[in-house]
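J.: The residues making up each chain are set out below.
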Amino acid sequence: MAHKTTYQEFEESSPKARRLLREEELILQVQEELLRAMDEAKLTKADLARRLERSKGFVSQLLSGGRNLTVRTIADVADALGFQPTLQLEEPNAALIWLHQASASPSVQHLTGSTTTAFRNVTANSTGPGSISIPRGESHVQTP
Amino acid sequence: MYVVAASGDWGQIVWGSQPAYDFFRGLHEADRAKTIALFKLFARVGTGLRNKTKFKKVQGTELFEFKPTQQIRFLGNFRRRGRFIVAAGTRKKKWKLDREDIDRANRLLDAFDAAQRGVN
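Heads up: the sequence lines are chains G and D, in that order.
To convert, note that position 19 of the first sequence is 19 in this note's numbering; the numbers rise steadily by one, no gaps.
To convert, note that position 3 of the second sequence is 147 in this note's numbering; the numbers rise steadily by one, no gaps.
If we strip away everything but chain G, and leave its shape as in the complex, we get (with noise of 0.2 angstroms):
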């Protein structure tokens, strides 16, 4: 029999432990996501501070972790880069953020059985559990 990680045996060691454990899962994933978004738009964090008019130092504490992430920054923040965040939940170990482009409407699904497995598989190289997705914005972006 396996023994189980670390990450298993908090996960299990109590109700408060594993909501810790799935906001700080959460947090990650968003700051990758936005990552992900800034490469793909090919910004920087001078850019995107300029889109969002707001200080370089800003930026980097979303970016960092050092500043709590409100829905209504990420979104801000999706919009600044061209890409639409998409909140879909899942069981755990699979729930996803994604950043998509700005063509469909934002949306939460809650995924279960042979959905949620197909699921996995389409986002089998993200980042992990609990997911945002940000699709590519459209014309209410502005180049600076």
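Simulated from the structure, these hints should not be mistaken for laboratory data.
One or more of the hints may lead you astray.
[What the hints assert, rightly or not] Derived coverage of chain G by chain D (criterion: at least 3 residues anywhere in the stretch with Cβ under 8 angstroms from a Cβ of chain D; other residues may be distant): (1) 13-26; (2) 32-44; (3) 48-54; (4) 64-75.
For every residue, glycine included, the Cβ atom is placed at its ideal position computed from N, Cα and C.
Chain G is fixed; fit chain D onto it per the hints.
T.: Okay, now just chain D, sitting in the frame of chain G:
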């Protein structure tokens, strides 16, 4: 024999020393959550991790560090494909690591390697 901290598509994060594991266990629950979430993400994506404030090479050394919070660091290195060994944990109030922390991590990593070879 070793304890796996987290595993994923990329590989495993392994506790390479008892002091590193004890340091982790001594952290507040919230900091343990931040640490283990970061390890899990790294186990999934490996060096594809984009957030360079969370994982980076320690300048002037062969070591790498995880930085789950501003003050908490975990030092270690890669061993064969898809495995990262966490050798030491430390809490720093300043950005730069002390030589002492680096030397300690290297010693613990050497001890891990020796144990794996069956020398110890």
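J.: Run every hint past the structure and note whether it holds.
T.: To see whether the hints hold, each was checked on the structure:
As drawn, the stretch 13-26 of chain G meets chain D at 7 residues by the rule of a beta-carbon pair under 8 angstroms; at three or more, the given contact holds. Figure legend: the stretch 32-44 of chain G, annotated as covered by chain D; annotation consistent (4 residues with Cβ-Cβ distances under 8 angstroms, at least 3 required). Counting residues of the stretch 48-54 of chain G whose CB lies closer than 8 angstroms to any CB of chain D gives 0, which falls below the minimum of 3, so the coverage claim is violated. As drawn, the stretch 64-75 of chain G meets chain D at 3 residues by the rule of a beta-carbon pair under 8 angstroms; at three or more, the given contact holds.
The structure fails hint 3 only (numbered hints given earlier).
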